[in-house]
Amino acid sequence: MLSRAAERVYWLGRYIERAENTARIVQQYSQLLLDLPEEVGVEWQDLVAIFGADDNVEAASAGARERTILNFLLADPLSSSSLAHSIRMARDNIRNSRDLLPQEAWENANELHQYAKAHLSSASQGRNRFEILSDCIGRCQQINGILIGTMSHASPFHFLSLGQNIERADMTSRIIDVAAAYLQQNEALVMRYGSTLWTNVLKSVSGFQMYRQYCQPEVEGMAVIDFLVNDTAFPRAIGACIERARANAGALPHGDAVRGSLDELLAFLPSTLATELAGAEVSRLMDKLQVELAGVHQVVVGTWFPPA
Amino acid sequence: MASVFGQYDGANFYDELVGKDGEPRPHARLIADFLSGLTPDEVVDRQHAVDSTIMDMGISFTIYSEGDNIDRAWPLDLIPRIMTGSEWDRVERGLVQRVMALNLFIDDLYNDRRILRDKVVPAELIDSSRNYLEACRGIRPKHGVWAHICGSDLVRDGDGTIYVLEDNLRVPSGVSYMLENRNVIKRVFPSMFRNYRIRPVSEYPSALSAMLSSIAPDSPNAKPEVVVLTPGVFNSAYFEHSYLARTMGAELVEGSDLVVGDDDSVYMRTIDGLTRVDTIYRRIDDTFIDPEAFRPDSMLGVPGIMRAWRAGNVALANAPGSGVADDKVVYSYVPEIIEYYMGEDPIIPNVPTWRCSDPKHLDHVIENIADLVVKPANESGGYGMLVGPHASRREHRKFRELLKADPRNYIAQPTLSLSTAPTLCGDRLEPRHLDLRPFILQGDRITVTAGGLTRVAMRKGSLVVNSSQGGGSKDTWVVEGDL
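If you read the sequences in order, they're chains B and F.
Convert by adding 1 to the 1-based position in the first sequence; the result is the number in my numbering.
Just so it is clear: in the second sequence, position 257 is 239 by my numbering, and no numbers are missing.
With the rest of the complex left out, here is chain B:
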């Protein structure tokens, strides 16, 4: 497999995952704002921070700010944090890898791209936002389903899956990070609305049911964080993502260095979380995780995608 082709498929995995998670986060965030009273201080601005963009949005009214931020996160083709951008990049990477991927994946990615172009700016203005984002999530899952369901488990598949799992671990850590920010605020409010908040976090990764079935019936902050960080059975938990990425690296030629860096990352995950872990500590842990994941990415690049 060509190094350049491997790089594109890896990025396809990352972008398709980023697109799906962006839609999930915005959708669940919209719900959260409806559920929580204003004094909890949940702000659209925090959503910008999840995506690592520090742009402070200046706008006259709260409504205008919501529209500006959502346009930035959903429709703006120039914003590298936008859903439209991730979909475009996923589609371009499929387009340029068509010799390696099932034809149906290209057809669906192309349709998703057309759909996003037609609908995302109205979703950022609020019209049918829930339905449009659900459609985007569904279409991303459809593309994933085609890829996972029809690709031979050979190098292209492993690069796709490697990219997907690294990106997914990163996105899950960002979702936890934002929720942790509220732990640092008014304790009484957290006590009162904590369960709503964490239920939302679980739902944003479709993890609510799996958490209840395999973890515990009560939704409670530390247990949710522990589940999303350490679980190795739930596919969107960081631990599970790293294990799978490790298996992908192991199936590729010269994958030892990448496997080693993933092992270090696994060792770095706290085996048990203190029940009274403060929000600030969770935040630091997630930041550190994101830095470590970026390090794994660099090892991937150095191993398989050296510049010509």
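Keep in mind that a hint or two might mislead.
Label-pair distances were calculated between CB atoms; the ranges are [to be verified]:
| id | chain 1 | residue 1 | chain 2 | residue 2 | range |
| --- | --- | --- | --- | --- | --- |
| 1 | F | R427 | B | P103 | 28 to 36 Å |
| 2 | F | G19 | B | G146 | 37 to 45 Å |
| 3 | B | A155 | F | Q451 | 37 to 45 Å |
| 4 | B | P103 | F | K205 | 19 to 27 Å |
| 5 | B | A248 | F | D27 | 45 to 53 Å |
| 6 | B | G139 | F | D426 | 26 to 34 Å |
| 7 | F | L256 | B | P103 | 23 to 31 Å |
| 8 | B | A155 | F | T143 | 49 to 57 Å |
| 9 | B | G251 | F | D245 | 28 to 36 Å |
| 10 | F | G19 | B | Q142 | 25 to 33 Å |
| 11 | F | Q451 | B | A119 | 25 to 33 Å |
Covered stretches of chain B, as calculated for chain F (at least 3 residues, CB under 8 Å) [to be verified]:
| id | segment |
| --- | --- |
| 12 | 3 to 14 |
| 13 | 93 to 99 |
| 14 | 253 to 266 |
Bear in mind the hints are in silico, worked out from the structure with no lab data behind them.
Glycine residues also receive a C-beta, built at the ideal position from the N, C-alpha and C atoms.
Dock chain F against the given chain B, drawing on the hints supplied.
Leaving out everything else, chain F in the frame of chain B:
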């Protein structure tokens, strides 16, 4: 009479599907009957089905606008162009004859130069050609073949005669659209494929792959490693490069994926290290292929690839230097070239061509310039051309002066009255002019596509079939049997 054919008026030109009497030609009766069973709305619905299939399948071409590249859906007209198997058999024999002769010619030019010594073709014509590459002297590619993939443009004149308009021996494109047109039309007209016996075109990728393997040099690889070399995603034909790589199961590479080793062999960079490459189907122009040998500023090519080719360690298709035989003045000699190497008369005629370098020809051209098409020898893409009947007197005067000043650089041809076929325009069928590009492969043996890519000038009266200038396309059916 068929409703949708009923109002069709194709009497002004030779029409591929309808005779002078307004009746469908025998080979078009089945489709005419079929279409007559549909209302105009149903016909338009089917065209919409074609358009949306093309969108969904992502069949596109790229055009440039203000530095940005835009994917456009490939334009395909619902109504096929139909030819009989017996007519096609003759065309096919003619194409085989022509391409074999052209390859013998190119091989001769870069080696013994017999044809120049025998003064059949003037040596100064070759030595002054921009497409003649001195770097290729003395090379003998496998099977003596240089132009492995050829796309010759055919046109039919008012009296029904088919001519070769030009030979594309460098990087001819369009074959992927021929294949996709068939896939789309099959979905829209399944019943026609049961009623007609239409020769398939789908074996092209396997034939291409077999041809490319047949020219591979001896190498340590157990089975030849064939790659498609593309300038990249911004090239207007990238869709085709990727399509062909995918359907052949070959790697699609860019220049930066390849490297020439100290052993003068070509390798590609893979996730498992360097892998030896045997045949490169290159879709990059000659002078961009190797910055070491030609243009030092080329970012698309592979430094040292000419060295590897000259050492016989890699096959290049088409071989560098093949373009010398698709120069417009050389074109005018192709009938003599066929006779010289094959000892046969050409089966498909050339369009009659006056060479202005010949004083008698020049006099004729100057006298009749208002009726002729004048083309510069070394330009392509219609650049610097005069279409006599459509030009003003002042332009005629200007070209007369140009011809007198530099006669060797010009040829002239009669203005052909290109054939038409019924084409859906709005909700009615109208005649539109078309041409045909079949694809010929030569390696250890020679094969021709059944039909080819039919291109259509979608604007009324226009002869411009280029997709970047509003041209469309049709599926091309070569049908068997007595019809």
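Subject >> Given coverage of the segment 253 to 266 of chain B by chain F, checked by CB-CB distance under 8 Å (3 or more) >> reply: holds (count 3)
Subject >> Range hint 37 to 45 Å (beta carbons of F/G19 and B/G146) holds or violated >> reply: 41 Å Cβ-Cβ, so the 37 to 45 Å window holds.
Original post:
Using the C-beta atoms of F/L256 and B/P103, is the stated range 23 to 31 Å upheld?
Top reply: holds (29 Å)
Subject >> Given coverage of the segment 3 to 14 of chain B by chain F, checked by CB-CB distance under 8 Å (3 or more) >> reply: holds (count 5)
Subject >> Outcome of range test on Cβ distance (F/G19, B/Q142; 25 to 33 Å) >> reply: violated (43 Å)
**OP:** Can you take a look at whether the segment 93 to 99 of chain B is actually covered by chain F? Rule is 3+ residues, C-beta closer than 8 Å.
**Re:** With 4 residues close enough to chain F, the hint holds.
Original post:
Taking the beta carbons of B/A155 and F/Q451, is their distance inside 37 to 45 Å?
Top reply: This hint holds: roughly 43 Å between Cβ atoms.
**OP:** Hint says 26 to 34 Å; check whether the CB-CB distance for B/G139 and F/D426 agrees.
**Re:** violated (51 Å)
**OP:** Indicate whether the distance between the beta carbons of B/A155 and F/T143 respects the range 49 to 57 Å.
**Re:** For B/A155 and F/T143 the Cβ distance comes to about 53 Å; the hint holds.
**OP:** Hint says 28 to 36 Å; check whether the CB-CB distance for B/G251 and F/D245 agrees.
**Re:** holds (33 Å)
Original post:
Given a hinted range of 45 to 53 Å, is it respected by the beta-carbon distance of B/A248 and F/D27?
Top reply: The hinted range 45 to 53 Å holds for B/A248 and F/D27, with Cβ atoms some 50 Å apart.
Original post:
Do the beta carbons of F/Q451 and B/A119 sit within 25 to 33 Å of each other?
Top reply: holds (28 Å)
Comparing the model with each numbered hint stated earlier shows that hints 6, 10 do not hold.
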